[in-house]
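Student: The chain contents come next:
Protein chains: 4
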Amino acid sequence: MVIVMRPEASENDVEHVVELVREMGLKEHVIVGSDLTVVAVIGDDRKKEKTKLEQAPNVDRVVPILAPYKMAAKESKAERTRVPINDTCVIGGEAVHVMAGPCSVESEEQIMDAARRCKAAGATALRGGAFKPRTNPYSFQGLGEDGLKLLAAAREETGLAVVTEVLTPTDVDLVARYADCLQVGTRNAQNFKLLEACGQSGKPVLYKRGMSMTISEWLQAAEYILAEGNPNVILCERGIRTFEDHTRNTLSLSVVPEVHYRSHLPIVIDPSQGTGHARLVPDMCKASVAAGADGLIIEVHPDPEHAMTDGGQSITPDALTETMQSLRRVAEAVDRVLGGSDVMDTASV
Amino acid sequence: MVIVMRPEASENDVEHVVELVREMGLKEHVIVGSDLTVVAVIGDDRKKEKTKLEQAPNVDRVVPILAPYKMAAKESKAERTRVPINDTCVIGGEAVHVMAGPCSVESEEQIMDAARRCKAAGATALRGGAFKPRTNPYSFQGLGEDGLKLLAAAREETGLAVVTEVLTPTDVDLVARYADCLQVGTRNAQNFKLLEACGQSGKPVLYKRGMSMTISEWLQAAEYILAEGNPNVILCERGIRTFEDHTRNTLSLSVVPEVHYRSHLPIVIDPSQGTGHARLVPDMCKASVAAGADGLIIEVHPDPEHAMTDGGQSITPDALTETMQSLRRVAEAVDRVLGGSDVMDTASV
Amino acid sequence: MVIVMRPEASENDVEHVVELVREMGLKEHVIVGSDLTVVAVIGDDRKKEKTKLEQAPNVDRVVPILAPYKMAAKESKAERTRVPINDTCVIGGEAVHVMAGPCSVESEEQIMDAARRCKAAGATALRGGAFKPRTNPYSFQGLGEDGLKLLAAAREETGLAVVTEVLTPTDVDLVARYADCLQVGTRNAQNFKLLEACGQSGKPVLYKRGMSMTISEWLQAAEYILAEGNPNVILCERGIRTFEDHTRNTLSLSVVPEVHYRSHLPIVIDPSQGTGHARLVPDMCKASVAAGADGLIIEVHPDPEHAMTDGGQSITPDALTETMQSLRRVAEAVDRVLGGSDVMDTASV
Amino acid sequence: MVIVMRPEASENDVEHVVELVREMGLKEHVIVGSDLTVVAVIGDDRKKEKTKLEQAPNVDRVVPILAPYKMAAKESKAERTRVPINDTCVIGGEAVHVMAGPCSVESEEQIMDAARRCKAAGATALRGGAFKPRTNPYSFQGLGEDGLKLLAAAREETGLAVVTEVLTPTDVDLVARYADCLQVGTRNAQNFKLLEACGQSGKPVLYKRGMSMTISEWLQAAEYILAEGNPNVILCERGIRTFEDHTRNTLSLSVVPEVHYRSHLPIVIDPSQGTGHARLVPDMCKASVAAGADGLIIEVHPDPEHAMTDGGQSITPDALTETMQSLRRVAEAVDRVLGGSDVMDTASV
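Chains as they are written, first to last, in this note's numbering: chain A, 1 to 349; chain B, 1 to 349; chain C, 1 to 349; chain D, 1 to 349.
Some clues are possibly wrong.
[As the list claims (entries may be wrong)] Lysine to aspartate or glutamate pairs mimicking EDC-like chemistry, simulated, CA-CA at most 20 Å apart:
| # | chain 1 | residue 1 | chain 2 | residue 2 |
| --- | --- | --- | --- | --- |
| 1 | B | Lys48 | A | Asp303 |
| 2 | B | Lys74 | C | Asp60 |
| 3 | C | Lys47 | D | Glu15 |
| 4 | B | Lys203 | B | Asp173 |
| 5 | A | Lys50 | A | Asp13 |
| 6 | C | Lys27 | B | Glu109 |
| 7 | D | Lys74 | A | Asp35 |
| 8 | B | Lys70 | C | Asp60 |
| 9 | A | Lys74 | C | Asp245 |
| 10 | B | Lys48 | B | Glu19 |
| 11 | B | Lys47 | A | Asp13 |
| 12 | A | Lys50 | B | Glu305 |
| 13 | C | Lys50 | C | Asp13 |
| 14 | C | Lys74 | B | Glu8 |
| 15 | D | Lys48 | D | Glu217 |
| 16 | B | Lys50 | C | Asp35 |
| 17 | C | Lys48 | D | Glu94 |
| 18 | C | Lys27 | D | Glu305 |
| 19 | C | Lys77 | C | Asp44 |
| 20 | D | Lys74 | D | Asp60 |
| 21 | C | Lys50 | C | Asp60 |
| 22 | B | Lys27 | B | Glu8 |
| 23 | C | Lys77 | B | Asp60 |
| 24 | D | Lys27 | A | Asp35 |
| 25 | C | Lys47 | C | Asp35 |
| 26 | A | Lys27 | B | Asp173 |
| 27 | D | Lys50 | A | Glu156 |
| 28 | C | Lys27 | C | Glu11 |
| 29 | C | Lys149 | C | Glu196 |
| 30 | A | Lys48 | B | Glu11 |
| 31 | A | Lys77 | D | Glu8 |
| 32 | B | Lys27 | C | Asp35 |
| 33 | C | Lys77 | C | Glu108 |
| 34 | C | Lys47 | C | Glu19 |
[Claimed, not checked] Reference excerpt, derived from the structure (chain B facing chain A, CB under 7 Å, subset only):
| # | residue |
| --- | --- |
| 35 | Gln55 |
| 36 | Ser212 |
| 37 | Glu217 |
| 38 | Gly312 |
No wet-lab data here; the hints were simulated from the structure. These numbers come from a predicted model, not from an experiment. Beta carbons: idealized from backbone N, C-alpha and C, even for Gly.
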């Protein structure tokens, strides 16, 4: 960190800061500039409370220098992390995978129909919520364990990997019994107890960015999973909260190259949550792949007009099929391939 | 809700929307305007999935009309809710209460010292974290149950009510055994399982706004607590995430009159989290009370330069004493009184 | 618009609102719902002051229904607008054009070198600022008319169209004498006097979104240009102000399909301003084209380490050449072509 | 500034950065830390382009240390600036002044009525727009010079100082002939040509913060006025653009103590623009004064239901009178007085 003194700071003030720095087990380097003095601090201050130094007399502010995350940082691992959800769906390699399916599991018919058609379109994983975090307490909250069973049945038939959300630490074991990949949603992105529990499960975790988290905060929170010895973290951008009102969230695609610059973890994009409108989803899928995303998670409903949740942002299976055809070309244009291409070719015969 | 059709919508398109509305058990009112047609929907659509209607051909958008919360709405309750934390500290009446104390319970000496001095300054409740949700996994996470015991001991001596955070549903019973009021933090503001558990506890809940929640979302989430039969909800504004960089968050004080306009629930302000800098706290305390807040929750540390958490935003006990003197005058200027004034007069003798 | 009454509104209150609506020359449609009454207003209220109705007793809020822009709306024009900057560079057709060049014109050598190399890489227009709006008054403000002359000289040699910024109405004529396309920057996006002057010039206008404008506000402001009889408006997204700190702005690519949904105007993307970091620019270029953008405007400097302005976000001519090769493939993947491909093929021989 | 190297930076990389720093006429101080190296730069780099250094190999980022403004900084001037608008209305002293009046000047009757009643309520300045920057080109744009004449007539009768907006450099002289104080609105906050023209006029300038400007950007832009030799700058916070939807803007009151901490310039608050709803204005007025604001600018209309602009946020003269009575008490509670108190006492007799 660098501690910036106020212009009016005295030598005593600087001396006092130096003492505080040494008390913290760190070393200092005092630099007297033309307008003011700064104290550069040497040593690993990641685990230290730094803001308290702002309370010392005539300290203007404290500027952190070291990235506050370690295991998620690129420096800690030479090669990119690949997270295998099942044999086919490995996130983080050359192949870009598409996870698709309804927002919620609503019924056997609905989820089986969705699964078959997502599979036929080329998806390699099935998404679908059994436990739903709903803004409104009176909204449909999901089928619970019955929903998980239906997802497992759909996997049985289609071979798709199953990705589904878990809401609370005590449900992690239950969800992990049925799912191939645990999903942590944006509203739980800083529910650290849940992250720890997911870490302990050892399962792959699709970890969505909180809608107002910076990348640094996101990577720090990902360490709650990594620190439990679970390396299988897939980051997922799903849009952030901004003043924009034409979308439910603002999908910030620059996080794709930035995460690849800062971290070894793979990143996928959720253009459904990221826009909130089905009409915008196909173009945002293409943009995501062109930006270098390692995968997509897309809401697909056989009958969006009658969806029980998030109907407005679900595309139809036909729209998915058409989008996948474009995505294949976009992936190739950026020297990637679409995951499960062979599977799909067989399936669509 | 009102369903706005695209200008090019045909009669068939409108007819189809009308059918969908009727399927939902609602009635419609078609209004053919100069430029486009809207379908106004009559009936209680709060529990209905509405966005799916955007998928019908040539629907431009769906505009909700009814507030999506019920029990938190002013209409549901004639008088303002008063939440008694203990005999002295009742939030939501004429008196404006100050809850003060350190960010974290660090040691017996620290919390007892803080408690005595906050009491002497006129606070009626003691805040202090035993379970801390830390952005960084390597930061101090709190003393856990030992911290709760220290808080209870401080209450024993000072008579201050104890407010402390709970992070996960399974800890609610434990925390409720020691605390007078459960705190739900901003990172758990949409951890609905936790809200339900707090609701079931029957204890007063200081419920902080998520840093990117709208007021409507906040009141909806508060219903997770209310719907469990627990009316003792205290809303707490602690700043929102914006582009501003001179503060940790942007403290949005207009929520005070707006919450009073929309809801019967009391609202308190956290100017410490809301600014992140001790130097800004006193003025924001005064502004909060002038805006009509029902209380304040302020981070106070006997030795901020050595605080284990959030040192930068903690004021000293002396600064609290001085601030309280101003607050008493500001409260009177807006026809309120400061809570526990008599207690304090005794204490300060 | 729809006027939503408070639940406690009386018949008199509704009657009063109806009178106000009629005074405005509009008609009303009163709808008594289960929980409250709404007054739907029929007629073109685009030019009416609507918020004043919130002052009538027991009005809760006013919800606009009609889009507030007319000439920019898709409904007003059957086909997409094409804006010819010169013979080669026509924005809004099948071809995706790249405008490239330095942030500022710094010297003859710099601009000629940049122009030649951008041309060789396949750009069809040269960007470069002669009048710079600088946040800091002590920063380099541009070469003024001398810069315009250098741009014209670079056009003379390379055939590239010239795009350059104008800051104030009185400079419009001067800039229009040298430039093929006037640029209005984000800080002037609601400088309506400047928009009017650009409209009167008849020149193509590259009109950047204000960094905190909604799409609706942007299209409304574009009408200041259109309303002067100048149809040659090119919208340009350059990132918005959000809480994100890994980029200078948040590049919101969903505006591309949304603008194409709402308007007939073409839209280009500025990934340089939109990210602020050269390392993110190439991927964001690809994402923009995949999202359906009609063009790109990219900061390119022969020697970014010594750029006089915005060095951090300028890519090198070599990086541009490499990016263009990818862009060609991405454009094809979404059924577009890169503008000026033939020209470039010749040039690169 | 501090230049942070990537962990993998070589000695050569550091050496190269050092050379670039020296080329800029600055000195360096290389600090080799435990995880990475930083280059601390000594010397006044305010006028230097710094981001270009991010282009040097293995530079991670550049962190500015010096505040980029000089004349607006507290360090440059020992005492707080007082801006005299007229004999009575001096902003920045002990007295808190209220500027009140309609959003737009609509007619002689309206402005004279408004002026008389604002005066009677205790305001010391009259606000009112003659040139209106309207989001929508079809909205009422103000009466122009006729409006200025009406404002001058209102001053003649009431003695109130006149504050009114100017939109473009060529209008500065005209507006300055009639007004006591020029207002620069949020949409022109980075219209640097306009700021320069206002600076040259020598008139007091009420300079509103851009709706997405940081405090640092705001103070930098204020220097465009100061650098012309005009010290009479009054900063005005009017709310920022955030995700909040219960208000038109988010009124960020922490800027009051922060501006007083960073600068010698006075700051006033516009709670009308800052909220957009008349019902929130009185409480936000009180909060502003309690936060330490040097004044308020409030939209007041004799008949808000028929206002031509911004009707929803204008309070009535009666509401102003009532608010002023509270404000007087709040001002006293924070050791200030309300400006023009004696005048008002006479007027209200």
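Student: Among the hints numbered above, which are violated by the structure, and what are their numbers in rising order?
Tutor: 3, 6, 11, 17, 20, 22, 25, 26, 27, 29, 30 and 33
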